[in-house]
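Line by line, the protein sequences give chains A and B.
Throughout the first sequence, residue numbering follows our numbering, covering 115 to 390 in sequence.
Throughout the second sequence, residue numbering follows our numbering, covering 115 to 390 in sequence.
Check the hints yourself; a few may be wrong.
Each pair may be met inside one copy or between any two copies, as identical chains are not told apart.
[Said to hold, decoys possible] Computed list of lysine-lysine pairs in DSBU-like fashion (alpha-carbon distance at most 35 Å, straight line):
| no. | residue 1 | residue 2 |
| --- | --- | --- |
| 1 | 373 | 173 |
| 2 | 173 | 194 |
| 3 | 254 | 311 |
FYI, nobody ran anything at the bench for these hints, they're computed from the structure.
Each chain, letter by letter, is given below.
Protein chains: 2
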Amino acid sequence: MILINGEQRDTLEITDRGLHYGDGLFETIEIVQGQPVFLTQHLARLKIGCQVLRIPYPKEALLLDEIHQICHSVVHGVVKLMLTRGSGGRGYRQPEPIQATRLVFLYPFPKYPVNYKNEGIKALFCTSRLGLNPVLAGIKHNNRLEQVLARAEWQDEFQEGLMLNLNEHVIEGTMTNLFVVKDGVLYTPEIILSGVKGVLREIILEIAKINNIPFKVTSLTQDFILLADELFVTNSVIGIWPIKSLAGKSYALGSWTQKIIHYLAEYKISDQGTAC
Amino acid sequence: MILINGEQRDTLEITDRGLHYGDGLFETIEIVQGQPVFLTQHLARLKIGCQVLRIPYPKEALLLDEIHQICHSVVHGVVKLMLTRGSGGRGYRQPEPIQATRLVFLYPFPKYPVNYKNEGIKALFCTSRLGLNPVLAGIKHNNRLEQVLARAEWQDEFQEGLMLNLNEHVIEGTMTNLFVVKDGVLYTPEIILSGVKGVLREIILEIAKINNIPFKVTSLTQDFILLADELFVTNSVIGIWPIKSLAGKSYALGSWTQKIIHYLAEYKISDQGTAC
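Can you make the complete structure from the sequences, with help from the hints?
Quick look at the structure:
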């Protein structure tokens, strides 16, 4: 089921700028028992994206209502909420006023083997590099060719690929953020020139703060990551996947990762009150 | 009129990766008396884009036939030819096999005042920067947020904005390539880390070669451009627009620009034989 500006449809106006320029933003939200998980955080990031791209943020009641229509009877699924700059304008020049297009897609929850969570995944370093653009870094916009090219580097032999940017800093996975544990400190790459600030990344940083886990958000090299004690990747749909092998090296599903998985489960329960 | 995979339609499958990730390429082609101008060159660039993004290049006869259907009775117009990776796949992972979507749009020829060509335009330096990504530089892909953001910096007081990249090199206009004449040498920025290799840019470089005009393709600074003798921008639809003012400085529509405008007119006539 798909809602476009509140109406059930399965096609889009061909003039939409989402198609022509990737001129839009999206959020991918887990649905559990009819409730969108971490909805407040997803909408907050969408709002920041709207400020950066200067797409008018719709009335939140409208978004909440459309998400509710889509997901209220869903036991376990995924909602993709997309917002484009709509149709019109002349070439790159935006229309005035901007009439954003709201798209709400419902997908079944992806069936990942349970051992990805319990035992960990195999990852590789992608050859494709993330470009540099400080304005677009952080937000979840629709210009995603870099991720598409990186994801085409493997088939089923790995579950995620880590991407370096042009400065040779490790930034994130193609669809996840990366966390590294080394000597009792939790590290995650800074998202300044490249990458997406995942909703779960922000939550895990918050969890670290609440629970006095020492953490650093900084630039990380490939060498540093290969010397890590523990590695895991995160996104709002998969949660936390420990990395059990990377570039031929093996990693334990260590106590820090287990602790954070535990804290996240607690946080998720306590956060349920904020859903729509 | 719009053809999608050969059929007249005005809506697109909502699952198309062009919408979700800007996962596609496009060409904007002038139509004169039913004939697409510089079609061979446009299709050659599209093919390179397909190689870079690994989107299967459709059978050329099919593209030619669909363009012909759209433009055979058009006196003066613009065809936008778009190719996306089609629908399907799982997240960023591409479908297998890839069934590219072909889109052919017909637009009226934009009505620009004739003095843009004859007297020149006013340009500014945009504040927005082009990011860096050597893999995506050169091709005309659908990830165009940088251009959308730059074009939003002015309304009607200018006709084009020149964009620097993160390295502070001047690369191009939001919808054009840039040429600079200084001491009898023609310069254009190298397109290595950022920017699009415009079809007309390549043709003007060819014209320079044929006519023994000294030229250099190199990195250019803002200071160098401000000291230029003559400046002009190019794209396949507008042709050549001299710049008459930039950042408060005035420029003459000089003899080199006039010479190149003349050579281009000749080249266009001689090239007509290659159209479909």
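Verification of the supplied hints:
In this assembly of identical chains, the alpha carbons of residue 373 and residue 173 never lie at most 35 Å apart, being 38 Å within a copy and 55 Å across copies at closest. In this homomeric assembly, residue 173 and residue 194 come within 35 Å of each other (Cα to Cα) both inside a single copy, at 18 Å, and across copies, at 34 Å. In this assembly of identical chains, the alpha carbons of residue 254 and residue 311 lie at most 35 Å apart whether taken from the same copy (8 Å) or from different copies (27 Å).
Checked against the numbered hints given earlier, the structure breaks only hint 1 and satisfies all the rest.
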